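Protein chains in written order, with the numbering used here: chain Z, 1 to 296; chain G, 1001 to 1131.
Derived by calculation from the structure, the hints in this document are not laboratory data.
If you're wondering where the values come from, they're calculated on a predicted model, not measured in any experiment.
Here a beta-carbon is modelled for each residue, glycine too, at the ideal position from N, C-alpha and C.
Certain hints may be false.
[As the list claims (entries may be wrong)] Just the calculated beta-carbon pair ranges, DEER-fashion:
1) Z:A177 <-> G:T1020: 47 to 53 Å
2) Z:E45 <-> G:G1026: 42 to 48 Å
3) G:R1092 <-> Z:R216: 20 to 26 Å
4) Z:E32 <-> G:S1131: 42 to 48 Å
5) G:L1016 <-> Z:N95: 25 to 31 Å
6) G:D1013 <-> Z:A177: 55 to 61 Å
7) Z:D220 <-> G:D1071: 52 to 58 Å
8) Z:A34 <-> G:T1020: 41 to 47 Å
9) Z:D22 <-> G:P1118: 52 to 58 Å
10) G:G1101 <-> Z:A229: 24 to 30 Å
11) G:G1101 <-> Z:D294: 31 to 37 Å
12) G:K1095 <-> Z:A33: 19 to 25 Å
13) G:D1013 <-> Z:D22: 30 to 36 Å
14) G:G1102 <-> Z:D196: 38 to 44 Å
[What the hints assert, rightly or not] Simulated crosslink set (DSSO-like; lysine-lysine; CA at most 30 Å straight-line):
15) G:K1019 <-> Z:K157
16) G:K1088 <-> Z:K59
17) Z:K106 <-> G:K1003
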Amino acid sequence: MGYAMDIQTILFVTKFETLWFDALASLLDLREAALEHVVFLNVIEREKVALHRGRGYQKREEIKLREMANIRFIDWAETLFEQGMEVGAYIVVGNLQQQVIRTSEKENVDLIVIGNEKKKRFELFFSPSDVIEILRRSHKPVLVYKYRGNGGSQENKPFQRPLIATCFSNTMRKVFAYLKKLDRIIEEVTIVHVADPGKLQQGSAMAIQKTRLVTRRKLDEACDELTAAGIRATPKVYVGDPVREIEIAARECNATMIVAGTAHKKTIAERFVGGTPRALVEKSAFPTLLVPPDPD
Amino acid sequence: MSKQVLIVDDDPDVRLFNKTVVEESGCTPLEAANGEEGLAILKDRKPDLVILDVLMPRQSGIRLYRELKTDKALKDIPIIILSGIAKKTFLRSQKALTEFGGETVPEPEVYLEKPVEPEQLAQEIHHMLKS
């Protein structure tokens, strides 16, 4: 399958508490690639305007929230319009996940940008976050920006030095296609594979070295592919807990963003929800770009 | 036959407001909720006047305005811009698009910033349709 992966249109999902214009401003170097259209989405959650016993639907509250969002979007849109960009805005009442998916399809966006609100462990355990649900359901890449109060990275340009975390799945083809189009704005890519320590324990020293060699060769091939596309790429092999090691690797190579492919939805959806991408979204301090596989 | 005025705005409350003013002015309103719908109606119905918002989904008023003013068949249809976006932003945006290789487009005939009084909008509609 051929990948048409230019990032021409971004869907910027904001609740305002979690994602501000500076996050979008940090992505505007994508204009040097293909970005020309930003769609803003603010979803007013139903519980803010409805479901209050004895009070019915609070139309006034809805109008107030709409106008507050509208004022912010007008301000943001003016900045982008003046640069010759195309801007659209949606302010809707409803379910966040549904509205994000619906709007991303309606506007045929190439990237969904969303903030991740830090929640307490208890909440996460019993109620998978909206971001995770969007990742599960979306066919579009999702860039999860980390909440300001989350101790997250404040890097200005996420696409400058991405770290690709790979397990050599088929989705990596798509990740590469996505990044190759950004050769003008990417300074350097690090490709990291985290080997399972359990597998290493079972083999002899020779077997372990062989595993490392095979992995390293695969990484070298991946780096060569990006280098041929004009992007400097460096391979790294780590061993241990994937999320922890990816985070360490990102810090060591001064990465601006972590990139990972997500698992195939139909076959291992549940594993995906509990897997590395989920943990990266929830735990990593770095902006995280998750690229889903193509739909069947 | 009454004149047709196309209202392009994504906000249903604003469309209702504009529709009422248009009807009170003795004209027939046509409605579109975004730039794409607006362009389709423009090509199909060729209205006598357009009241155009700027910040909308699917296609902004800035792009729709540019399409209209560079289309030989549509460029003479007068346009009232009615938006929360400042006029200077609109003009800078058009300038930027021209610098990116687009055609130069004229300034809009009338630019009103929201909110607008119904009397003022009615007056502009009368004025535009007379001239």
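Outcome of the hint check:
1. Checked against the hint of 47 to 53 Å, the C-beta distance between A177 of chain Z and T1020 of chain G comes to roughly 51 Å, which is consistent with it.
2. For E45 of chain Z and G1026 of chain G, the hinted distance range of 42 to 48 Å is satisfied, since their beta carbons lie about 43 Å from each other.
3. For R1092 of chain G paired with R216 of chain Z, a C-beta distance near 52 Å fails the hint of 20 to 26 Å.
4. For E32 of chain Z and S1131 of chain G, the hinted distance range of 42 to 48 Å is satisfied, since their beta carbons lie about 44 Å from each other.
5. Between L1016 of chain G and N95 of chain Z the Cβ separation comes to about 26 Å, which falls inside the hinted range of 25 to 31 Å.
6. Checked against the given bound of 55 to 61 Å, the beta carbons of D1013 of chain G and A177 of chain Z, roughly 43 Å apart, lie outside it.
7. A hinted range of 52 to 58 Å for the beta carbons of D220 of chain Z and D1071 of chain G is consistent with their spacing of about 54 Å.
8. Range check, A34 of chain Z to T1020 of chain G: about 42 Å between beta-carbon atoms, so the 41 to 47 Å window is met.
9. The hinted range of 52 to 58 Å is not satisfied by D22 of chain Z and P1118 of chain G, whose Cβ atoms lie roughly 39 Å apart.
10. A hinted range of 24 to 30 Å for the beta carbons of G1101 of chain G and A229 of chain Z is consistent with their spacing of about 27 Å.
11. In this structure the supplied range 31 to 37 Å holds for G1101 of chain G paired with D294 of chain Z, their Cβ-Cβ distance being about 33 Å.
12. Checked against the hint of 19 to 25 Å, the pair K1095 of chain G and A33 of chain Z passes, with Cβ atoms roughly 23 Å apart.
13. The hinted window of 30 to 36 Å between D1013 of chain G and D22 of chain Z holds, with their beta carbons roughly 31 Å apart.
14. At about 55 Å, the CB distance of G1102 of chain G to D196 of chain Z disagrees with the hint of 38 to 44 Å.
15. Pair hint K1019 of chain G plus K157 of chain Z does not hold up; C-alpha atoms about 45 Å apart against a cutoff of 30 Å.
16. Between K1088 of chain G and K59 of chain Z the alpha-carbon distance is near 33 Å, which puts this suggested pair outside the 30 Å criterion.
17. The straight-line distance between the Cα atoms of K106 of chain Z and K1003 of chain G is roughly 33 Å, outside the 30 Å bound, and the hint therefore fails.
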